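Sequence order for the protein chains is X and Z. The numbers in the numbering used here rise by one with no breaks, and the one at position 4 of the first sequence is 294. The numbers in the numbering used here rise by one with no breaks, and the one at position 77 of the second sequence is 80.
Just so you know, the hints here were simulated from the structure itself, not pulled from any lab data. Each hint should be verified, as a subset may be incorrect.
[Unchecked claim] Dumping the calculated EDC-like pairs for lysine to aspartate or glutamate here, alpha-carbon to alpha-carbon at most 20 Å: (1) Z:K106 - X:D349; (2) Z:K106 - X:D328; (3) X:K308 - X:E291.
All of these numbers come straight from a predicted model, not from anything done at the bench.
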Amino acid sequence: EAQVTQNPRYLITVTGKKLTVTCSQNMNHEYMSWYRQDPGLGLRQIYYSMNVEVTDKGDVPEGYKVSRKEKRNFPLILESPSPNQTSLYFCASSLYPTTAHTDTQYFGPGTRLTVL
Amino acid sequence: GIQVEQSPPDLILQEGANSTLRCNFSDSVNNLQWFHQNPWGQLINLFYIPSGTKQNGRLSATTVATERYSLLYISSSQTTDSGVYFCAVESMGGGADGLTFGKGTHLIIQP
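Take the sequences, apply the hints, and build the full model.
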């Protein structure tokens with residue numbers, strides 16, 4: 291079954307304690323990205339990756355890091371989480387044609403993070 | 004960047020009613036998707052529809068790309084249709100920026 295998986299689904303942590311949210315897709319997609327969803331602000335892109343070892347900042351990258359060492363995995367790293375990073379996080383992937391954005395993005399189930 | 008506006012922001016209907024949700028966008032797009040976020044937070048892809056009309060059961064969507072809007076129709080609403088509906092677009096000149104989301108329409112279907 292084609293899917294995007296995220297772990298953990300729920301996490302409560304404390305300020306400053308490093309954490310990683312994993313994201314994995316089994317569709318051999320080149321393009322992956324992370325979004326956060328906040329009330330009244332909708333979903334905003336944090337980082338994206340066009341392929342292995344190619345990552346770039348989205349709209350709200352401050353406080354986050356990513357890596358893309360393998361095509362299927364795109365972990366989101368919070369080196370020193372703060373309460374304003376409390377949010378619902380989504381990972382997404384799509385097949386990224388070089389000539390046009392003609393594919394849908396597939397979303398993971400979401401990770402609800404609370405930073406105390 | 005591209006702007007996405009959805010209306011109405013909130014909608015309360017009785018079961019069985021029909022509804023129309025609207026998405027306006029400020030630039031030409033080569034990707035437009037409608038999502039349903041259920042009460043558990045899960046995002047479900049409803050339609051990929053940068054232009055034209057599609058139907059899937061009680062749901063249908065139409066995008067008029069030249070006029071920069073898309074409509075999502077829900078017929079014979081059921082309580083399971085409740086949740087937030089998001090429109091998301093990707094600008095034609097947007098490089099690899101991914102999807103820009105509207106703020107959503109919060110739909111409540113009452114029994």
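Okay, the hints, checked on the actual structure:
no. : hint            : in the structure
1   : Z:K106 - X:D349 : 15 Å, holds
2   : Z:K106 - X:D328 : 10 Å, holds
3   : X:K308 - X:E291 : 32 Å, violated
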